[in-house]
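Protein chains: 6
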Amino acid sequence: MVYITRREYFNAAHKLYNSAWSESKNLEVFGKCSNPNWHGHNYTLYVTVKGNPNPDTGFIVNLVDVSRITKELVIDKMDHRNLNLDVDFMKNIMPSTENVAIAIWNQLEPAIKNLGSQLHCIKICETENNFVEYFG
Amino acid sequence: MVYITRREYFNAAHKLYNSAWSESKNLEVFGKCSNPNWHGHNYTLYVTVKGNPNPDTGFIVNLVDVSRITKELVIDKMDHRNLNLDVDFMKNIMPSTENVAIAIWNQLEPAIKNLGSQLHCIKICETENNFVEYFG
Amino acid sequence: MVYITRREYFNAAHKLYNSAWSESKNLEVFGKCSNPNWHGHNYTLYVTVKGNPNPDTGFIVNLVDVSRITKELVIDKMDHRNLNLDVDFMKNIMPSTENVAIAIWNQLEPAIKNLGSQLHCIKICETENNFVEYFG
Amino acid sequence: MVYITRREYFNAAHKLYNSAWSESKNLEVFGKCSNPNWHGHNYTLYVTVKGNPNPDTGFIVNLVDVSRITKELVIDKMDHRNLNLDVDFMKNIMPSTENVAIAIWNQLEPAIKNLGSQLHCIKICETENNFVEYFG
Amino acid sequence: MVYITRREYFNAAHKLYNSAWSESKNLEVFGKCSNPNWHGHNYTLYVTVKGNPNPDTGFIVNLVDVSRITKELVIDKMDHRNLNLDVDFMKNIMPSTENVAIAIWNQLEPAIKNLGSQLHCIKICETENNFVEYFG
Amino acid sequence: MVYITRREYFNAAHKLYNSAWSESKNLEVFGKCSNPNWHGHNYTLYVTVKGNPNPDTGFIVNLVDVSRITKELVIDKMDHRNLNLDVDFMKNIMPSTENVAIAIWNQLEPAIKNLGSQLHCIKICETENNFVEYFG
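Protein chains in written order, with our numbering: chain A, 4 to 139; chain B, 4 to 139; chain C, 4 to 139; chain D, 4 to 139; chain E, 4 to 139; chain F, 4 to 139.
If we strip away everything but chain A, and leave its shape as in the complex, we get:
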């Protein structure tokens, strides 16, 4: 088994806010992340696929395909968007880094399988100081 990873980017706005809660409870739990007028991040996304190298190419998957699928299914929908308002596959999902990672996994896993490969990990870095990994 070999693991190969492709890095992609998207820049997005979001806020962490639970509408079932009072303003003050939101502030207590989410702090400045609950700012009503949004804030944003440069998100870095790492898509890791596993498999055995094809003897003709040396590839477990052609990264050009991984990159194209990720662009179509994730980056084009999230880049320069608002994660709470603009992203079809994030509807009614709190855009915590954890939930963003899970949503991207669900978005990419079947498409990677269609390539004949297997998704291993989605890693999302929200800032240089915090990141999430999800293995399905």
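Incorrect hints may have been included.
To be verified - Calculated lysine-lysine pairs in the DSSO-like style (CA-CA distance at most 30 Å, straight line):
1) B/116 <-> F/126
2) F/53 <-> E/74
3) C/35 <-> D/94
4) B/35 <-> E/80
5) A/126 <-> A/80
6) C/35 <-> C/126
7) F/116 <-> E/126
8) A/53 <-> D/28
9) F/28 <-> C/35
10) D/28 <-> D/74
11) A/94 <-> B/116
12) A/35 <-> B/53
13) B/126 <-> E/28
14) A/35 <-> B/80
15) F/28 <-> B/53
16) C/126 <-> D/94
Rather than coming from a laboratory, the hints here were simulated on the basis of the structure.
Remember, it's a predicted structure, so these values are computed and weren't measured experimentally.
Place chains B, C, D, E and F on chain A using the hints.
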């Protein structure tokens, strides 16, 4: 002359949109940066001060003071905020990286002078792929 | 299971020196790391916690809590200190990167459990060229 | 079990080209990576070894030894070389990142065992945007 | 005056070899960089443009234009190429980092002027350990 | 004029402490940097040399020579050392980042001149958050 630089961060939402223009002209000029529901960035700020080292301390300025001033006058007002809506010193200013750098210079220059030092450069990185430097 | 990581820093002095050995054996094994007058590093610490996202917050743990605990139990005790002389939980422990990682794990594991979460990994980078990971 | 990692570098030329295929099939599969006059990369290599710390040193392995072995068996043979033409242990192997990782594993695994340690992972970064991990 | 910088990449093969010299003199001066079968690098290119922000856009130049021009005139010609053999504007030029920077300046300077802006600096990083800056 | 830069490293211990002052004044001015048992850093050093490329080599200076001189005159004396106690050219100099930059300039400037080149800048990064530049 010695130049010393302090790095700080803020994460903010913004959009590039000229309200004197049509939607389509905004899209043509600003592209996806004009998304009505905002997007955002992890901004990195470098504040460079110049001077001659004090013989007692070896410092041209105590970076603790530079950091405190930057926090009060810039970071606390921009971090986890919306640059178009929430920042008093950005009112009616298009939040391009260029204008953000100039606005931060104007905010910090007198305060650095009050420390007995001289502001040399404000550098703002909006993403890993683009940054602005302003020398006053 | 989702894994979330918080990055923290500390800058510290240390030396690698086994007092049961001769000076020359110390030099042979530890090289310039045995310099009697110490040397030091900018240590980067990654604390990884695992769990399932809370449906109300999208968090497996509030990183503000992880950061606060890490600051109290690790950073405040190690930052701008001497790892051989100043750190209560490193007494009589050779401050190799391996042992620093294990000591930080022992320091943080019960406190993370008290938050209702589970510590997964302590990663310490001593320089850009070497780092250690410990999973308990 | 503790995991320790050493980072090394090499800069090399290569191309991805299957001589059993037509020019146009090579171009279709490998794109600009099939350029007949080669291209190249700054490769970053991470060698991860696992074990238990020696009580006298706090080391699971002396990284000086890992670095020396890696230099002799890998870096001296690959750095400032052509991976298709110049490297004895890559003869007749397509120099995809996947295959480079596997070949370096095979080169280092017995030598790390001779040190009394155990190789855990070879990670190769070909660019900032793609890397491969191999665990044997 | 404000300075804005765009980062781009290219991966290329090259060698440093003066055909007027003996093999041994080449080896003495250029060391392993003279390897006959080439080696290569991930080059990072920083293009810095200076000017005054346009009041309608806040831009001194639209970075989309800088990026497009750089792609057409530099990246498309150098990426996944051999700098000694494949690049029209490097014909008969020793591909030292210094000369690569000067050649890219000559390639971009008139095109940036056509945008109504002024090229300020070309910075090329050949590895993490060496880079060149050229200001015309 | 072309500017070329070589990056080097050293890891060292130091403290900021003015022996003409009381303990409490030292603590007030230097904070935790005055810890009597030292602390330390991974210092990154950038040596920038300027000149015109030699037509035979494309070099303004052979970086191998810059690296060798820097190793002999700076790195070998500072790496894994105590900047207050062990470095001959730092005797009686407060090891602030500013003073370290100036001392390294004085150490390297004549040696770079002997190579037929001109030292342009010494840049020292003490942490990711603060650095100093000195131009003589």
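- Message: For residue 126 of chain B and residue 28 of chain E, compute the direct alpha-carbon distance and say whether it is at most 30 Å.
- Response: Not OK: residue 126 of chain B and residue 28 of chain E at ~44 Å, beyond 30 Å, violated.
- Message: Holds or violated: residue 35 of chain C and residue 126 of chain C, Cα atoms, limit 30 Å.
- Response: holds (24 Å)
- Message: Just to be careful, I want the Cα atoms of residue 116 of chain F and residue 126 of chain E compared with a cutoff of 30 Å; is the pair within it?
- Response: holds (24 Å)
- Item | Pair hint outcome, residue 116 of chain B versus residue 126 of chain F [Cα-Cα no greater than 30 Å] | It holds: about 24 Å lies between the C-alpha atoms, which stays within 30 Å.
- Query: Is the straight-line distance between the alpha-carbon of residue 28 of chain F and that of residue 35 of chain C 30 Å or less?
  - Reply: violated (34 Å)
- Item | Restraint check for residue 126 of chain C with residue 94 of chain D, where alpha carbons must lie at most 30 Å apart | violated (37 Å)
- Task: Starting from residue 28 of chain F, check that the Cα of residue 53 of chain B is at most 30 Å away, please.
- Result: holds (25 Å)
- Satisfaction of hint between residue 80 of chain E and residue 35 of chain B, Cα-Cα up to 30 Å: Holds, because 28 Å separates the two Cα atoms, which is no more than 30 Å.
- Query: Are the Cα atoms of residue 53 of chain F and residue 74 of chain E separated by 30 Å or less?
  - Reply: This hinted pair holds, its Cα atoms lying about 28 Å apart.
- Task: Mind checking the alpha carbons of residue 94 of chain A and residue 116 of chain B for me, to see if they're no more than 30 Å apart?
- Result: violated (49 Å)
- Task: Please work out if residue 35 of chain C and residue 94 of chain D have their alpha carbons no farther apart than 30 Å.
- Result: Answer violated: residue 35 of chain C to residue 94 of chain D is near 39 Å, above 30 Å.
- Given the proposed pairing of residue 53 of chain A with residue 28 of chain D, does the C-alpha separation stay at or below 30 Å? holds (25 Å)
When held up to the earlier numbered hints, the structure conflicts with 3, 9, 10, 11, 12, 13 and 16 and fits the remainder.
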